[in-house]
Amino acid sequence: MSKELQRYLLTRFSQFLLIIFVAVSINFIIPRLLPGDPVQTALARLQAGGGNQSVDIQAVSAAYRAKYGLDAPLWEQYINYWVDLFRFDLGVSFANFPEKVSTMIGNALPWSVGLLAVATLIAFVTGSLLGARMAWPGAGRGIKTLVPMMMILTSIPFYLLAIILIYFFAVVLKWFPPAGGVATTRIMRLDWATTQDVLRHAVLPSMAIILGNIGFWALGMRSQMVNVLGEDYITFAEAKGLHPRRIFFWYGMRNALLAQITALALSLGSVVSGAVLVEVIFNYPGLGNLLYVAIRGQDYFVIQGVVLMLIVTLAVLLFIVDLLYPLLDPRIRR
Amino acid sequence: MTDKDKPILVVEGLHVHYDTGKGPAKAVNDVSFSLKPGERLGLIGESGSGKTTMATALMRLTRAPGRIAGGKVMLDGRDILAMSPRELRETRLRDIALIPQGAMSSLNPVMKLDEQMIDAILAHKPRMKRAELDARVAELLRSVGLDPSVAKRFPHELSGGMKQRAAMAIATSLAPKVIVADEPTSALDVVVQRQVMQTLGRLQDGLGAAVVLIGHDMGLIAQFADVVGVMYAGKLVEIGPVRQMIENPKHPYTKLLVESLPGIEVKQALTGIPGLPPPLVDLPPGCSFNPRCPFAFERCRTETPLLQDVAPGQRASCHLYPEHQSLPPLPVTARAQHHEARP
Chain A
1 MSKELQRYLL TRFSQFLLII FVAVSINFII PRLLPGDPVQ TALARLQAGG
51 GNQSVDIQAV SAAYRAKYGL DAPLWEQYIN YWVDLFRFDL GVSFANFPEK
101 VSTMIGNALP WSVGLLAVAT LIAFVTGSLL GARMAWPGAG RGIKTLVPMM
151 MILTSIPFYL LAIILIYFFA VVLKWFPPAG GVATTRIMRL DWATTQDVLR
201 HAVLPSMAII LGNIGFWALG MRSQMVNVLG EDYITFAEAK GLHPRRIFFW
251 YGMRNALLAQ ITALALSLGS VVSGAVLVEV IFNYPGLGNL LYVAIRGQDY
301 FVIQGVVLML IVTLAVLLFI VDLLYPLLDP RIRR
Chain B
335 MTDKDKPILV VEGLHVHYDT GKGPAKAVND VSFSLKPGER LGLIGESGSG
385 KTTMATALMR LTRAPGRIAG GKVMLDGRDI LAMSPRELRE TRLRDIALIP
435 QGAMSSLNPV MKLDEQMIDA ILAHKPRMKR AELDARVAEL LRSVGLDPSV
485 AKRFPHELSG GMKQRAAMAI ATSLAPKVIV ADEPTSALDV VVQRQVMQTL
535 GRLQDGLGAA VVLIGHDMGL IAQFADVVGV MYAGKLVEIG PVRQMIENPK
585 HPYTKLLVES LPGIEVKQAL TGIPGLPPPL VDLPPGCSFN PRCPFAFERC
635 RTETPLLQDV APGQRASCHL YPEHQSLPPL PVTARAQHHE ARP
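Just so you know, the sequences run in chain order A and B. For the first sequence, position 213 (counting from the first letter as 1) is numbered 213 according to the numbering used here, and the numbering increases by one without interruption. Position in the second sequence (from 1) plus 334 gives the number in the numbering used here.
Just so you know, these hints were derived from the structure itself, not from any lab. Owing to the predicted nature of the structure, the values given are computational and were not obtained by experimental measurement. The hints are all genuine.
No farther apart than 25 Å at their CA atoms in a straight line, the calculated lysine to any residue pairs in the SDA-like style are these:
id: 1; chain 1: A; residue 1: Lys144; chain 2: B; residue 2: Ala398
id: 2; chain 1: A; residue 1: Lys3; chain 2: B; residue 2: Leu492
id: 3; chain 1: B; residue 1: Lys370; chain 2: B; residue 2: Val344
id: 4; chain 1: A; residue 1: Lys3; chain 2: B; residue 2: Asp481
id: 5; chain 1: B; residue 1: Lys589; chain 2: B; residue 2: Gly382
id: 6; chain 1: A; residue 1: Lys3; chain 2: B; residue 2: Val484
id: 7; chain 1: B; residue 1: Lys486; chain 2: A; residue 2: Gln6
id: 8; chain 1: B; residue 1: Lys459; chain 2: A; residue 2: Pro244
id: 9; chain 1: A; residue 1: Lys3; chain 2: B; residue 2: Glu449
id: 10; chain 1: A; residue 1: Lys3; chain 2: B; residue 2: His490
To give an idea of the interface, some chain A residues facing chain B are shown, with a C-beta separation under 10 Å as derived from the structure:
id: 11; residue: Gly241
id: 12; residue: Arg254
id: 13; residue: Leu328
Where is the CB? At the ideal position from N, CA and C, for every residue including glycine.
Kindly produce the complete structure, drawing on both the sequences and the hints.
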């Protein structure tokens, strides 16, 4: 590893740590900017809203007080907050007292990561390939008619796309279940039947994400590829007598991909928030749904925990993109 | 090996058009010439005269909106313009190689230099072993005056002159019979220009390849080439041995071009050729040069001149011949116009 590369990685890693630090701090400060006692307020609101009557309000309140030492000075609370974070302790849920927020997130996270990562990756790869193919000279009519279709798909918000998908494939055709991550009666086991069930449930939500994103990647790639194909090194590659396939992938796509990866890094935020909506519509047991239910129920610590989780996930993803970048573009290794 | 006197490259009636809204722009218009093995042809012309279009068409690299509208490019008896895509791929680099114009941007920015050299060689010799390839890369780099250690560098780590040399190393990697060099020095400073041209000359001598050198710098071309062709508005207006062309140009355009060369001994104001080249979509009737030609007469405005022999080995397309032996002195009005810029 060269010195330059080491320095690059070190800078990126410290940036990553800084993002996490700032995010956690903001996540700590914002609730405390509110006037009054957050626990009292929250519990009062819960009660007024006709919350779960069987919950012992006194016990909940005492638990929080003891836990957070809300009378302690702010800096002490702040340090405690960090200490708790390192123990993966994000507090307990109001609505599902005394379930720990960390457990709830732990249960939801694999669903989200599985759905989001796989769907985004499929959308990115197929979208980029399609886009590159559209820009390649001699693209067939079939590929060219895809351009307006892609434009339509990108302009429909994908929660609407989700509703259309549910209507046709779950309600009318009944090919796929309309909601949920797995059949309610199924006992989770690592066997083929369970896997199949999980996959069947994942088809429609991932289709919604893929269809909603693929146009964006395809159109972005097409314009990048058109630019790259006009470069002198493409002509020179042709003059070298290279096979068109080699030129397409190693001289064309390889270079066009640089801008695509940047776009991926920039759009990760919206990809995540968009996926939240998709999860809600499909009642998918992931982080997005957890967040939605928590907001509806004003389940304070769950919201805080999920938001923190999303920020950390984003930071990790951005860091991964940063790591990929010097591999793709040698000019970045500085 | 091929016969020394049999031409290696014969271009016949080549037409390249760019389709525009106003009709085709004839960037290369009925150009014919031939080249013997080891011969150096310099093609010269101002911007927009079709030089680069010509270079790309010789290797059938013309891209939309350009298209090759007719003619033949016979390389060692085979027509490049009629080859199957596979045949064409095999012919490029192995038989005819390009030294590109944009040296700075002709290398793939994300691949190391040796990878780019190796993939060119492997495209033609897929069975070559890694060790052989590495040795060949080192040998090629040395042949263009680069240190073999640059093989592991990326293009952005090389200077402009180094990139141009690297491009030459790639172009000569399979010992082609014809090298098309499209303004190989246009982006370099004069010192590097000279070195690069010397390297090109040395490589060409070693390979015995014929070279088509395209450029706009009369001085550079005159030093390098054996035969010079002058292009104007897509046409080859005069072609002949370099000495004759400079000492005794027959076409008025060549004459004005040679006269515009600044000399060192005689200090004079820079002169140019009055007027601008005609738009390629809307060529004037008759000779394309007639609106700017100091000798133009009635016939020039109606009839397109054809290339004809004007001296041994020298051909020009001008209606002054064969009636005249050489160009008459410039008419007074033209001379006055010509020297207008003088302070």
